[in-house]
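J.: Each chain, written out:
There are 2 protein chains.
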Amino acid sequence: MPSGSILNKKVTFQPYDITVEVEDGENLLKAALNAGVHINASCGGEGVCGKCRILLEEGTLECPDNTLLSQDDWNLGYRQACQCRVRSDIVVRIPPESLLDKKTITRRRSGISLRPSPINVAGLKEEGLYNPAFQKKFLKLPPATLTDNVCDLSRLEQGLNKQYGLKNLTLDFLLTRKLAKAMRQDDFQVTATLDFAQRRSRNPRLVDIDPGDTTGRHYALAVDIGTTTVWVQLLDLAKGEIVGHAADYNGQLSYGDDVISRILYSQKEGGLETLQKAVVNTINKVTQGLLKQHKLPVEEISHITVAANTTMTHLLYAIDPKNIRLAPYTPAACHVPPVRASHLGLDLPKHVFIYSVSSVSSYVGGDIVAGVLASGIYKESKLTLYIDIGTNGEIVVGNQEWLACAACSAGPAFEGGGIRYGMRAARGAVEDVSVNPQTGEPMFMTIDRVKPKGICGSGLINLLAALLEGNILGPNGRFRDDLDTPRIRASETGREYVLAWADETASGEDLVVSEEDIENLMRAKAAMFAGYLTLIDSVGLKLQDIEQVILAGAFGSFINLENAITIGLMPDLPRERFHFVGNGSLSGATLLAFSRELLEEERRVADMMTNFELSETPGFMDQYIAALFLPHTQEDYFPTVTERLRAG
Amino acid sequence: MPSGSILNKKVTFQPYDITVEVEDGENLLKAALNAGVHINASCGGEGVCGKCRILLEEGTLECPDNTLLSQDDWNLGYRQACQCRVRSDIVVRIPPESLLDKKTITRRRSGISLRPSPINVAGLKEEGLYNPAFQKKFLKLPPATLTDNVCDLSRLEQGLNKQYGLKNLTLDFLLTRKLAKAMRQDDFQVTATLDFAQRRSRNPRLVDIDPGDTTGRHYALAVDIGTTTVWVQLLDLAKGEIVGHAADYNGQLSYGDDVISRILYSQKEGGLETLQKAVVNTINKVTQGLLKQHKLPVEEISHITVAANTTMTHLLYAIDPKNIRLAPYTPAACHVPPVRASHLGLDLPKHVFIYSVSSVSSYVGGDIVAGVLASGIYKESKLTLYIDIGTNGEIVVGNQEWLACAACSAGPAFEGGGIRYGMRAARGAVEDVSVNPQTGEPMFMTIDRVKPKGICGSGLINLLAALLEGNILGPNGRFRDDLDTPRIRASETGREYVLAWADETASGEDLVVSEEDIENLMRAKAAMFAGYLTLIDSVGLKLQDIEQVILAGAFGSFINLENAITIGLMPDLPRERFHFVGNGSLSGATLLAFSRELLEEERRVADMMTNFELSETPGFMDQYIAALFLPHTQEDYFPTVTERLRAG
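Protein sequence lines, in the order shown, are assigned to chains A and B.
Quick note on the working numbering: the first sequence kicks off at 1 and runs consecutively.
Quick note on the working numbering: the second sequence kicks off at 1 and runs consecutively.
These aren't lab readings, by the way, just hints derived from the structure by calculation.
Among the hints, erroneous ones may be present.
Note that the list lumps identical chains together, so a pair holds whenever it fits in one copy or between two copies.
To be verified - Once the Cα atoms are required to be at most 25 angstroms apart in a straight line, the calculated DSS-like pairs of lysine-lysine come out as:
no.: 1; residue 1: Lys-350; residue 2: Lys-277
no.: 2; residue 1: Lys-277; residue 2: Lys-181
no.: 3; residue 1: Lys-322; residue 2: Lys-140
no.: 4; residue 1: Lys-322; residue 2: Lys-350
no.: 5; residue 1: Lys-140; residue 2: Lys-239
no.: 6; residue 1: Lys-277; residue 2: Lys-178
Same shape as in the complex, but just chain A (with noise of 0.2 angstroms):
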């Protein structure tokens, strides 16, 4: 008898009280996605995570021994969600660890706005510099008559020239559906939008008209497209002015937490399309929030530019990002043309096109790029490194001469990835800490300030520089054995040391960071150095040439730099060098918008940049090597943490 599909089991999902039906034998993983109940899954259902932890509380699940969780935790009644099978009717809870918090993406800091686009724009306006691809033009034209009736868009084309000295236009086919009726609404007198942007020598062109004089109402929006977050930031173009941002995570980590994970999604059937979707929707959310917010309609946008990696990119177009992933890492294609905005899906104007930043290479993106444009390191004589931090922390070294990147992959880290209690940096997470020298006890503080639920890539920072400043942690990563304090302990795979005990933390279990993890933290930061060592190397310069530090990206914004310098993630170099621009990837997308010169130009930006690949570059190896210290073997690239050490 053939099974069918009769959706037989209830499935009740906690702290939500969310019930769905589903197919007997049904994922549970998948059952979530269709109740639309945000379980973490980092690596996009293949069990190697283990971040989909949920506990069982009524029924049964079939699930496979071999997860990654402990046998007391298993005893708990926890399961991995992307492993299990729905047997019966069940009810399971969603332990704290696994939900996604939502507010803390637009978290304010230490009394300090966090502003997403650090755009100046009235500084913009001096140089020049402000002039939006994007203009409106009122135009009173000749109302048709016998002796001159030339089409409607001749009579345009005529008006444009006589008023504004335009030729040779081009122009959006559709245009020509709405001419007729925009034209007589208000007796010959109409708006018109054109784009000025000349890519590739492209003449100016006509991308739609309005009836009446509605050149005061224009915008456009910027979009940072994050593995992890969508920003979209709204412009008003007709005042230079940036209206308002929100954000909200991109809906593609319901598929996994990082691109190598998207990527290995995307070559399952169908996967593609629904990670386009995924991340299309989650664009069209944000932005009908801010619409609504300013109370615009969406018919006064008239265009879209983006910045997002390089996987994020193609995602975005539905290209096939599969060689990103295999080597020689070749990406499709790494600038895109203008594409209609509602080809791809996004709910804007049919005259809306989207404007993508081009990429260097499978991991130097769009995203960096846009942040080399809006940081201005392209066109200064100053001899800069940028830096963003990340999964794969990106590095460009350079100046307005010539311009070398490189990835390195640093690894999840930073990202709470590998490391047992790391999170991200939301609502439980710690975030500052100090240790105690002479008992070890810990002081903390958490994201909004609740009971710790883990520990963010920041707190880990932090929590490292305080072990190592306090000779808890020696410089190679291990606890010392000689302090008399419960806070130090064995565990399976070496020491560890106890955060916050079992009753004070969310989870009701110790927090803890053992040397298994400290090892990672000390790979990801190590990969790192080694990056900005290798490629200053490369092209014959000394780190101490370096007159300009940027950090760029949220976490570069959370960043004690002392503390990161510290423990060897950051150069130990002039403090007053380093600047902090945050999400760069979104201010250049705005500055696109605001500037038909940058517009313009960005791909000469990105053609600038020279590549590296690490793996393949002389050094980088030994270079890794040596940096497998806390700061490093070579105490002369740390001279003021060595001096501040030995002195503790």
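Based on the hints, put chain B in the right spot on chain A.
T.: Just chain B now, with coordinates in the frame of chain A:
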């Protein structure tokens, strides 16, 4: 009780023996459209043309009294399909004159093949004009390695630069989705399709990519969309040859015979979309037949060029043609930028764009501009008169220095409209006629040599000339009343001439030409002739200055020149100055596909053509009235005809 939508009435159409079920009260013409049964409907169902006559054989129809049918016809069972509602199961017969006969579209005549497109490809090559905008280039690219892992697109661009010196290309977005796979399928050997048309200074555009070397297989389509007939020509761009052509009636015929009824139909709810789909379906059907016949896959087509009158162009692109019909007769757009063909519903590969020839005004369309391009008059020094006769006769006068053009509302007389037994040039149409001046007895031949159904336009010209030369008809368009022949008899509106008796005809009734019919023909020819004179006069020239007359269009190809001059439709100039170019519109579309230079300059030629609204041009009305005579009131315009008629 709501009536619901119950299909409980059977309608059987004879002679096809097709039965459909319809709702009670359904319109009979609509039932025929649903059944796929074609009935002529010149007026789009307005009830004013009287062309959709059917014969009710069984059952009940609810019909109004105020139809165009005579009482006799009504008693015989004739009804106007567009005016009737189905009230019982019925059987109706479509009489011969309401059928369309497809075979004769591509008829051959007098042993001479009518080439739809007399393009001299060899001559084009000799002139250096054979240079298609779309070209394929074969590339052997170096495979990607870890030390050379630029994106696939950059690799392709580098190859095109290195092997062919091509730089600064733009590209079709969709290509980015195909690149990775295509490049790896045959070890980085690929064929790129490029578009070199520099319209509005655009750089060459990368259009498509195939694995391996496919340069030998490259095709295009050229299309002429006539109000009545759609021609498609299949072109081999690799060899520079015309592969073949095919035609079919424009599917829009079911919604009206002429451009005005189509425009009216387009104003109905959903009408524009219906008409757009109808013509696209026709192009798809003809193209599929052509490809099947020549065993070519559609994937090898790279672009499509189209020429059509202004209304047909608007309808193809679903641009509202409303103002073409309303004073001051302004089209929405006389030029439409290239559009993705699939966007319009054409069954062609996604990368195929459609290019259309620019129009000049509401009634001088892209078909005429295409004819001007094909005939080359825009680059000749000879003063030329270009004539395309149809419902709207279009006229162009000029040379390489200047071009003036106008449309004459000749009315549908030359297409059989407004003539009681007028019909299209189809099976059973009287074509060649002579009349014995002594007896008044005619001799005639029909197309396909079957019993006469009616008289086509060229037949009417020949009949009129014969009657005039036989002195049976006076120069004022009245039959002589002193002839002893039953062929001439009184009718309700004057006299009429019986060309065939009831027992000789397909319909079983006398086939006659009335003085009213002749008046309509005289109006039509007068409008044309007054048009030439006015246009020539408006540029300060005389008829005798014309060094060349080009007759275009299917009708122009079938016309007997001497007879057309005799009745005053064509000017009485030395016969060697006349040339027939056949379907100039299709020729022009073909040239655009074969020659990048022409594709680039077609809009320049359209812009060069100054449009005259004859109704607004001083002198036209006087000229028109002066021409309402056979051949003309001013004999000196027709010296050879006058001489011959006197001699006769």
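J.: Checking Lys-140 and Lys-239: alpha-carbon separation at most 25 angstroms within a copy, between copies, both or neither?
T.: The answer is within: 22 angstroms in one copy meets 25 angstroms, while 51 angstroms across copies does not.
J.: Give the relationship of Lys-322 and Lys-140 under a CA distance limit of 25 angstroms: within one copy only, between copies only, both, or neither.
T.: between (53 angstroms within a copy, 23 angstroms between copies)
J.: When Cα atoms must be at most 25 angstroms apart, do Lys-277 and Lys-178 count as within-copy, between-copy, both, or neither?
T.: between (29 angstroms within a copy, 19 angstroms between copies)
J.: Checking Lys-350 and Lys-277: alpha-carbon separation at most 25 angstroms within a copy, between copies, both or neither?
T.: both (18 angstroms within a copy, 21 angstroms between copies)
J.: Using 25 angstroms as the alpha-carbon threshold, which applies to Lys-277 and Lys-181: within, between, both, or neither?
T.: Between. Shortest inter-copy distance 22 angstroms satisfies the 25 angstroms Cα cut-off; intra-copy 34 angstroms does not.
J.: Please sort Lys-322 with Lys-350 into within, between, both or neither, judging by C-alpha distance up to 25 angstroms.
T.: So Lys-322 and Lys-350 pass the 25 angstroms test across copies only (23 angstroms; inside, 30 angstroms).
In summary, this structure violates none of the numbered hints.
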